[in-house]
Amino acid sequence: MADTELVPRMSAEDAHEFRLGLAKTLPVVLGVVPFGLAYGALAVQAGLTVGETLLMSLVVFAGASQFMAVGMFASGIGGLTIVASTFLINVRHLVMGLSISPYLSETKPGWQRMLAFGMVDESYLTTITHYREQGESQGNPHFLLASGLLMYGVWFTASLVGALVGTSISDPLKWGLDFAMPATFLTMLLPQVVSRRLLAVVAVAGCAAVTAFVLVPGKWYIIIAVVLGTLTGVLMETARGEKASR
Amino acid sequence: MRPHVVAIIVLMGAVTYATRVGFIGVARQFELHPLLRRSLEYVPVSILSALIFPAVLAPSGHFESPVTNVYLWSAVVTSGVLVTTRRPWLAIVVGVAALVGLRRLLGA
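If you read the sequences in order, they're chains A and B.
Position one of the first sequence corresponds to residue 1 (my numbering), numbered consecutively onward.
Position one of the second sequence corresponds to residue 1001 (my numbering), numbered consecutively onward.
Simulated from the structure, these hints should not be mistaken for laboratory data.
Glycine included, C-beta positions come from ideal geometry on N, C-alpha and C.
What you were told as hints is all true, and nothing was included just to trick you.
Derived Cβ-Cβ restraints for the label pairs, each shown as a range:
id : chain 1 : residue 1 : chain 2 : residue 2 : range
1  : B       : His1062   : A       : Ala46     : 18 to 26 angstroms
2  : A       : Leu173    : B       : His1033   : 37 to 45 angstroms
3  : A       : Leu80     : B       : Thr1084   : 48 to 56 angstroms
4  : A       : Thr49     : B       : Pro1034   : 46 to 54 angstroms
5  : B       : Thr1084   : A       : Gly110    : 43 to 51 angstroms
6  : B       : Thr1068   : A       : Leu80     : 39 to 47 angstroms
7  : A       : Thr49     : B       : Glu1031   : 46 to 54 angstroms
8  : A       : Leu199    : B       : His1033   : 20 to 28 angstroms
9  : B       : His1033   : A       : Ser75     : 41 to 49 angstroms
10 : A       : Val194    : B       : Val1010   : 42 to 50 angstroms
11 : B       : Glu1031   : A       : Lys174    : 46 to 54 angstroms
12 : A       : Arg19     : B       : Thr1068   : 38 to 46 angstroms
13 : B       : His1062   : A       : Ala203    : 17 to 25 angstroms
14 : B       : Gly1080   : A       : Ser195    : 18 to 26 angstroms
Work out the full structure: start from the sequences and follow the hints.
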């Protein structure tokens, strides 16, 4: 029955990791606030009720697809198209789940299923960066739990405020807080670029992403960047291995 | 709440959760092929790059002139502060402040 025990007593270590998860997610979550406000305001303007607007933040909890859905609702596009587009936008989560799975391989399935709900771009990146810094084979699930919970709470609250007072605040995306997210990611990325190979991965993934971002609609630019970035890393690693064994 | 809107939202939630839960347990169930494990090492860095580069170089959805792109200059400031002080928090705060300041300055 251990698998069904979702909230076991937290050890001191778990509590520490939980607090660390909150602290390290804080700067990114500040960057999420303007997007949540903008989503809430936009959804109500598009004709969704406040209840529907909040339900979407509670049940879907995925910024880009929520923005897209609101636009589609407004232009009267069918439900099936909205659901299918949501799936396509979120396909990238499969790659994220796969890449974090080795760190959670000793975590119970019940916990994995719970943590998966809170795995959004921001909590995934904060958590995996933390796990990699620690350099151990297993990551503490309480870190991801805290990160996901904080994201969820702030996303919901910002959506609520946006839906209620949305039209009376001037464009929240112009406050400058929209830069908090890329700035935080930048401070996570730079310390990881410790070799020429990783620099090449960053350059290839970054250039591929920005090109695809401008040319390809949706979130495909992330998948394209991951495929090309990963390929660059593995090929350079293999080339170096062959050189060394010669 | 209208029933058909609720139904669409619930289905959106279901497909989104499916993408999140789909592979999170893979390493518990299967031994990952060494090549796959090695590839996964580059995923976080690639995703970070994929989120930073477009946000900084094409903040409004298209390329902007690097000279007047306040996001690019703010990213340079953020990196500079991080490299010199090694304090992520300070770098983020100064970076955001730089963006606000540059916007005022350029009236953008």
